[in-house]
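Residue numbers (the UniProt record's numbering), protein chains in the order written: chain V, 1 to 287; chain H, 1 to 287.
Incorrect hints may have been included.
To spell it out: a stretch of chain V is covered by chain H in this simulated footprint if at least three of its residues, at any positions, have a beta carbon under 8 Å from a beta carbon of chain H; those stretches are [said to hold, decoys possible]:
1) 37-45
2) 87-94
3) 132-146
4) 151-164
5) 187-194
6) 258-268
Think of the hints as simulated: they come from the structure by calculation, not from any bench. For clarity, every value in this text was computed on a predicted model and none was experimentally measured. Ideal Cβ positions, reconstructed from N, Cα and C, are used throughout, including at glycine.
2 protein chains.
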Amino acid sequence: MTTAPETSGNWIDEHHNGVRYGLEGRVLVEETSPFQRITVIDSQRYGKGLLLDGCWMTAEHQERHYHEALVHPALCSAKAIERVLVIGGGDGGTARECLRYPGVKHLDMVEIDGRVVDLSQEHLPSIGGGCWHDPRFHLTIGDGIAWAAEAENAFYDVVLVDGSDPTGPAEGLFNRAFFSNCCRILKPGGVFATQSESPEAFRQVHIDMVKLIRELFGHADPLYGWVPMYPSGWWSWTFAAKDAPRYLTVQSERAAAVAEGSAIWSPRWQQGAFNTIPAFIERELNQ
Amino acid sequence: MTTAPETSGNWIDEHHNGVRYGLEGRVLVEETSPFQRITVIDSQRYGKGLLLDGCWMTAEHQERHYHEALVHPALCSAKAIERVLVIGGGDGGTARECLRYPGVKHLDMVEIDGRVVDLSQEHLPSIGGGCWHDPRFHLTIGDGIAWAAEAENAFYDVVLVDGSDPTGPAEGLFNRAFFSNCCRILKPGGVFATQSESPEAFRQVHIDMVKLIRELFGHADPLYGWVPMYPSGWWSWTFAAKDAPRYLTVQSERAAAVAEGSAIWSPRWQQGAFNTIPAFIERELNQ
Numbered sequence: 001m002t003t004a005p006e007t008s009g010n011w012i013d014e015h016h017n018g019v020r021y022g023l024e025g026r027v028l029v030e031e032t033s034p035f036q037r038i039t040v041i042d043s044q045r046y047g048k049g050l051l052l053d054g055c056w057m058t059a060e061h062q063e064r065h066y067h068e069a070l071v072h073p074a075l076c077s078a079k080a081i082e083r084v085l086v087i088g089g090g091d092g093g094t095a096r097e098c099l100r101y102p103g104v105k106h107l108d109m110v111e112i113d114g115r116v117v118d119l120s121q122e123h124l125p126s127i128g129g130g131c132w133h134d135p136r137f138h139l140t141i142g143d144g145i146a147w148a149a150e151a152e153n154a155f156y157d158v159v160l161v162d163g164s165d166p167t168g169p170a171e172g173l174f175n176r177a178f179f180s181n182c183c184r185i186l187k188p189g190g191v192f193a194t195q196s197e198s199p200e201a202f203r204q205v206h207i208d209m210v211k212l213i214r215e216l217f218g219h220a221d222p223l224y225g226w227v228p229m230y231p232s233g234w235w236s237w238t239f240a241a242k243d244a245p246r247y248l249t250v251q252s253e254r255a256a257a258v259a260e261g262s263a264i265w266s267p268r269w270q271q272g273a274f275n276t277i278p279a280f281i282e283r284e285l286n287q
Numbered sequence: 001m002t003t004a005p006e007t008s009g010n011w012i013d014e015h016h017n018g019v020r021y022g023l024e025g026r027v028l029v030e031e032t033s034p035f036q037r038i039t040v041i042d043s044q045r046y047g048k049g050l051l052l053d054g055c056w057m058t059a060e061h062q063e064r065h066y067h068e069a070l071v072h073p074a075l076c077s078a079k080a081i082e083r084v085l086v087i088g089g090g091d092g093g094t095a096r097e098c099l100r101y102p103g104v105k106h107l108d109m110v111e112i113d114g115r116v117v118d119l120s121q122e123h124l125p126s127i128g129g130g131c132w133h134d135p136r137f138h139l140t141i142g143d144g145i146a147w148a149a150e151a152e153n154a155f156y157d158v159v160l161v162d163g164s165d166p167t168g169p170a171e172g173l174f175n176r177a178f179f180s181n182c183c184r185i186l187k188p189g190g191v192f193a194t195q196s197e198s199p200e201a202f203r204q205v206h207i208d209m210v211k212l213i214r215e216l217f218g219h220a221d222p223l224y225g226w227v228p229m230y231p232s233g234w235w236s237w238t239f240a241a242k243d244a245p246r247y248l249t250v251q252s253e254r255a256a257a258v259a260e261g262s263a264i265w266s267p268r269w270q271q272g273a274f275n276t277i278p279a280f281i282e283r284e285l286n287q
């Protein structure tokens with residue numbers, strides 16, 4: 001069942017467990033794809049924005065928090081970054097941040113819903129930026145779970161999962177079979193990263209994800225940041241590697257090249273964000 | 001002019017610059033004190049909560065983010081902690097966290113609005129906890145700005161400012177005269193801390209505060225955390241000292257005694273939270 005956002009007067013709201021977060025604005029597009037309800041809005045505060053199944057995904061002036069946090073800790077720390085896989089990420093923001101690195105030679109993006117790509121290109125062109133026409137960018141509209149299952153062993157230097165919450169089309173992006181394949185297709189020295197929900201609004205999902213990824217890869221740690229439009233505003237991304245917790249250490253030459261153009265991320269910010277694990281989560285992960 | 005929160009159906013919302021954050025629940029008390037509009041609500045998600053002039057202040061099950069972030073970096077790092085001043089903090093949460101330290105011998109709390117204290121004691125007793133009856137706790141209903149102006153030089157080991165946004169009764173808690181007095185009444189080796197707004201929703205206020213406090217005290221740094229009910233969910237507290245940036249280093253014996261009972265704060269969290277300064281703020285502070 002697909003869900004539209006709640007609207008009343010000039011407000012478009014996401015409701016989550018007795019809390020709502022709304023932006024003042026108007027709905028531009030409301031349609032149902034084969035996978036989900038897609039809503040494009042225009043807001044006073046953050047420009048144009050996207051909701052899927054009634055949940056805030058991104059907005060023109062509130063997207064760098066998410067995309068920089070997912071991309072740079074991985075791209076700055078993997079041994080090599082020639083071949084990158086992005087699963088999901090239909091708005092283009094994750095690909096855009098990856099393609100800022102000249103070392104990225106080939107980026108596969110596998111997005112299940114072509115309408116998300118179409119509507120992002122039409123209404124949110126600043127989020128994808130130049131990615132859609134970059135010769136290194138290779139878009140497949142299809143199932144990222146199947147893609148991960150079928151890719152060769154040790155094929156990618158970096159694997160990034162940029163999906164929505166674990167209900168609806170993204171449900172299969174949160175389980176053992178999927179993460180096992182992500183681990184299998186990652187090169188030694190590679191880095192895996194996924195958004196891993198809110199430690200506050202999705203506490204148990206978050207804890208279970210970190211534990212599972214740590215078990216499968218050998219090394220995994222959550223990083224905490226802010227996405228004001230997501231439930232609680234408090235968000236996490238989990239990074240994993242097979243050889244060592246290499247995602248904790250940036251390669252300074254790569255970092256320097258992207259730091260200047262980043263709004264939120266810096267090597268210092270990243271170091272802090274891996275340490276701001278709240279005490280209640282740290283206790284549960286250490287059990 | 002005082003403002004009530006927006007309500008529609010079962011929702012109580014704070015509106016801020018084209019964004020709203022609402023909790024599902026009902027209004028228990030709505031009254032106008034000589035200083036502000038006070039609203040007490042009962043919410044499904046976070047229990048009972050308090051709004052002042054229509055802005056979310058605290059709630060039973062979402063208060064530790066704020067109080068632990070303000071108190072522990074200061075109380076764990078000041079040279080001595082015998083004599084503590086809290087300005088504002090009428091819900092009692094800041095005093096409660098301070099009084100967890102046996103080393104605190106005398107705590108003055110100066111809250112301008114006695115009705116906030118009355119209603120917090122009646123409806124939000126878990127937030128103040130044992131503070132109201134602790135023999136070390138000394139409450140004055142009065143003007144914290146005047147208190148800071150009249151206190152003796154180098155009188156307090158720790159000064160904490162737990163006020164609301166810089167409009168209405170808290171306006172005078174954000175200017176040079178007030179911070180100068182806070183600096184004057186702080187002992188050498190003491191630590192000052194204040195909530196310093198959101199780097200996102202109150203960006204310029206935040207930057208101006210950090211710069212001013214740094215100029216006056218000699219050493220000051222912002223720490224970033226989460227308060228989901230505040231605008232953007234992304235909040236900051238600024239710590240200052242006269243002799244050295246001593247707030248960056250916890251005294252391990254004091255820290256160990258409070259870490260076990262803390263939900264969010266830990267020495268590791270604190271270290272991270274001082275580093276998660278977003279790149280756009282760091283650039284402005286370094287100008």
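Okay, which hints does this one fail, numbers in order?
2, 3, 4, 5
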